[in-house]
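> Guided by the hints, dock chains B and C onto chain A, whose structure is given.
Single-letter residue listing:
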Amino acid sequence: MTTTTTTPSRWERLRDSYVWYSFKRDRTAQLCLAIFLCLVVAAFASPLIAPTDPYDLRQIDILDSELPPFWIDGADDRYALGTDAQGRDLWSIILYGTRVSLLIGFGAVLLQALIGVTFGLMAGYLGGRVDAILMRLADIQLSFSTLMVAIVVGAVVKATMGSAFYSQYAVIMLILIIGLAEWPQYARTVRASVLAEKGKEYVDAARVMGLRSRRIMFRHVLPNTLSPIFVISTVQIANAIISEAALSFLGLGMPETHPSLGSLIKAGFDYIQSGSWWITLIPGAVLVVLVLSINLLGDWLRDVMNPRLYKG
Amino acid sequence: MALLEVSQLDVRFALRQGEVRALRDVSFTLDRGERLGIVGESGAGKSVAAFSLLNLISRPGFIAGGRIVFDGQTLNTLSERKLRKVRGNRISMIFQDPMMTLNPVLSIGEQMVECLKAHRRISSKAARAIALDKLRQVQIPSPEKRLDQYPHELSGGMRQRIIIAIALLLDPDIIIADEPTTALDVTIQAEIMALLLDLCEQHNVGLILITHDLGVVSQVTQRMLVMYAGRVIEQGPTREIINDPQHPYTQGLLNALPQMATPGEKLNQIRGSMPSLAKLPSGCAFHPRCDFMIRPSGEPRTACTEQVPGFVGTGNCRVACHMVAEMLEDRRLKEETP
Amino acid sequence: MIAFLIKRLMHAVLVMFVISLLAFAIQDNLGDPVAQMVGQSVPESERQALRERLGLTDPFLVQYARFAKNAVQGDFGNSYFYGEPALEVIGRHLPATLELVFAATLIIVLFSVPIGVYSAIKPRSLISRFFMSASIIGISIPVFLTAIVLIQIFSIGITVSIFPDSTGWGSWLNGLLSTSGSMPSFGRGYDLVHVFGSWDTNLATLSGLQHLVLPAVSLASIMLPLFVRLIRAEMMEVMQSEYVKYARAKGISMRRVYFVHALKNTMLPVITVGGVQIGTMVAYTILTETVFQWPGMGLMFLDAINRADIPLIVSYLMIVGVIFVVTNTVVDLIYGLVNPTVKLTGKPA
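Protein chains in written order, with the numbering used here: chain A, 35 to 346; chain B, 1418 to 1755; chain C, 9 to 357.
So here's chain A without its partners, still in its complex pose (with noise of 0.2 Å):
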């Protein structure tokens, strides 16, 4: 995230800002950054954290299978949180697949940032037959629905490689899948403010002193535009979660070895009819808290920046 850097300087510029003076006074955007920060320590922490290593065949138990969490009579003390079908302790199964739906939410926003805004900046600023071609491209993909596109593509990746080809690469799979299904919503957004910002003396001013235009581009033209970029960017990186987890139930994503939040509801959704709620609904609650998080967090942020985002 840009806000952390490491230069001093900027440090002291962030103190002083709008952005910290607001959030030192909102609840509920501090409570968010709380959880969100706990969710993403504890996940990436999960070797360390977590009692037993689901990944590791040797430490389950078929015959601990199915078992409750601690306030439902049956429980084992063993596991908090109960186990899921197949024996793991679900209480380390989910903070290692809140690290896999993590991993894949931010390397995919990644992907889908680097071509938006790559593509962005130059439909905005070379204007004309590249951007006609690139934002019909755009239109195109978006009328067909990001899901959508994610889906066919998983689909059709799936049958030409084979299951188990695509189960062992299903991480970089899924950061691609969405990664390439997602970036019209950079590329517009970013073409609108640099259009808005085109038309600003300063360009001219650039351009006039015969600078080239791919530096007036990046040095000039991005940094202007990059409150609008950051403000998507907690709404991607949600929607890109849901998009995996969307992906690992409909069995397009991670395999239930190496489970994701997504997943594991999945998996458990077969035994909801026998009563075993939990092995489902506890990964689903862990994932509407991580998504609320970033989602309230997008909120906030955007009431505070208030940049002009591409509508519609």
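Note that these hints are calculated values from the structure, not bench results.
Positions of the beta carbon are idealized from the N, C-alpha and C atoms, including for glycine.
Among these hints, one or two may not hold up.
Claimed, not checked - Derived contacts from chain A toward chain C, CB cut-off under 7 Å, selection only:
1) Val190
2) Ile276
3) Thr314
Said to hold, decoys possible - Dumping the calculated DSBU-like pairs for lysine-lysine here, alpha-carbon to alpha-carbon at most 35 Å:
4) Lys1696/B / Lys253/C
5) Lys1534/B / Lys272/C
6) Lys272/C / Lys130/C
7) Lys1502/B / Lys77/C
8) Lys1499/B / Lys272/C
Unchecked claim - Among the chain C residues that face chain B by a calculated CB cut under 7 Å, a handful are:
9) Glu250
10) Tyr251
11) Ala257
12) Lys258
13) Ile260
14) Arg263
15) Gly344
16) Pro348
Quick look at chains B and C alone, frame taken from chain A:
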């Protein structure tokens, strides 16, 4: 009794940083058929004054005190329902930018008819007939065609004519015009202003004209108010103020007019700029920009920075300035001790 | 109007062309009809001969032209699994999906407009704040999770026993918070009424409607908060505009200001977004239908993927493409009808 009497009007905006006082102590009257000008730089509170007359100030602004009495009714305490019967009916408004004022998705006819129907029990057909008549009065070319057109099909000048027609629809007593020509092309500004003046005279409609253009005010209005930082600083008959302005600010405004300059010389301008309402200077809000804070004798006039000036009368005018007050006092003392 | 339609038609053709290329590429790379037609024992030379006879060795463009010609005639080949024309299989599943989408759209429209408008008019009221909080929570819950929670609550039922049962109020509270779980959550039920062709409807009987409730609510659950927030934001922006202020200054009733002056302008961007969201909704039918085993196109598509039923996958893509193109065109037409600034030539800048 005057048709409209505004006394001690106090309007505030409750902002996060605290309350900002947009209008203080604004008092004036308007007689039937009279034309009053309100003049000032942008940010002086002219538009706030116009909107608060019909209680159209929206959050976070509110009328904190004072009285607006129109034809025996106190408008600022009237219920929203009764106030609605005044708005557009007995007091109508003309907004600044005709490109933004008309609703883009409703036809001109619809926007005229709805106004008539809101105030009179009238059939749509009769309402259209009245609308058409008013469109003819504002001399719009081919008025029959306009009723079924949409705003985007008309030019700015035509739209402002339509807005004048809407203002006249219900034969109001007063029209409040907030910078009615500022957003128009210079070439048609005079045309629209002349039309407005002509129609007001014809129908004996009172006019409150809000503008920053002293030239227009001197041609159109009989009396005027000069506003600065939310206060009235000078008011009286237009001709007297234009010919012999008392307040240093009014003098500065008049001197800044291009007509007052000698060809080849720089225009006179008032130094500095209008203070923000949130951070008003102490005493007379104009004092940081005033050239008369120092007495001719060389000693500074401390009252300017310490005390808000009250009104003093000179002829038919009233001025809020310590310097003028002091001059009057001196003159009175001289007359008493020959 | 004509120019507008032609422009839309050109766009539609372009989109369909892109989709068909994609669909063909999938078929070309994944589907090996020869492997489907003959057994394992057939030698490679015979396979090659068969490929040539079927035209599979022709240049890409020739093959695509053949594919496009068949597609236009509605011939996508036979489904491997069902052994009948893919289009017929889709036709059988289409009504279930359309009814589901229709019911969800109805829920969205009926609730989003009043809630959005109310919370824009009274942004500080307690009810508005509640709706805003609820909507952000709604956006954060994935459709399939909403579906699962609904099943748990209304279909399986929950028994709450956190309050001591011995006291009267304890058991009363437990009873209040517990649900019996009688709602159907599996498939369309058997009380379907035949309309015509392959269309059996859920909308005609009480039991049919009951089967529709949970899937439709789930499908609506993510769009509804999205639209509530969109309508609120747009309406609040419009309420700040000069023309709304002017309408008030004319003395017309607030009801007319809200519902004629403001709402009509609010709906313009909402219609545009709505067009895009219908597409998203089709994607979400795949999830909803999977959870509820609703026998529609989405479930069929997912099964087709798992069975590698290429002709069915390809024809699903084409049909969904047609649905997108048609809805987008219809939405643009509606936009043009509502917005007078759209004239014959196209959208305004």
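> Lys272/C and Lys130/C were given as a pair; does the straight-line alpha-carbon distance stay at or below 35 Å?
holds, 18 Å
> Closer than 7 Å between Cβ atoms is the bar; does Lys258/C clear it against chain B? Give me holds or violated.
holds, 4 Å
> Go through the hint on Tyr251/C and say holds or violated, using the shortest Cβ distance to chain B against 7 Å.
holds, 4 Å
> Given Ile276/A as an interface hint, is the shortest Cβ-Cβ distance to chain C below 7 Å?
holds, 5 Å
> So, as I understand it, the hint says Glu250/C touches chain B; can you test that by seeing if any CB pair is closer than 7 Å?
Holds, about 4 Å.
> With chain B as the partner, please determine if Gly344/C meets the hint condition of a C-beta pair closer than 7 Å.
This interface hint is violated because 12 Å lies over the 7 Å limit.
> When you check the alpha-carbon spacing of Lys1534/B and Lys272/C, does it fall within 35 Å?
It holds: about 20 Å lies between the C-alpha atoms, which stays within 35 Å.
> A closest beta-carbon separation below 7 Å is what the hint needs, so does Pro348/C meet it against chain B?
It holds, given that the least Cβ distance between Pro348/C and chain B is near 4 Å, below 7 Å.
> Need the status of pair Lys1502/B, Lys77/C: alpha-carbon distance at most 35 Å?
This hinted pair is violated, its Cα atoms lying about 68 Å apart.
> Does Arg263/C pass the interface hint, meaning its C-beta sits closer than 7 Å to a C-beta of chain B?
violated, 11 Å
> With chain B as the partner, please determine if Ile260/C meets the hint condition of a C-beta pair closer than 7 Å.
holds, 4 Å
> Can the hint on Ala257/C be confirmed by a CB-to-CB distance to chain B that is less than 7 Å?
With Cβ-Cβ at 4 Å, under 7 Å, it holds.
Hints 7, 14 and 15 from the earlier list are contradicted by this structure; the remaining hints agree with it.
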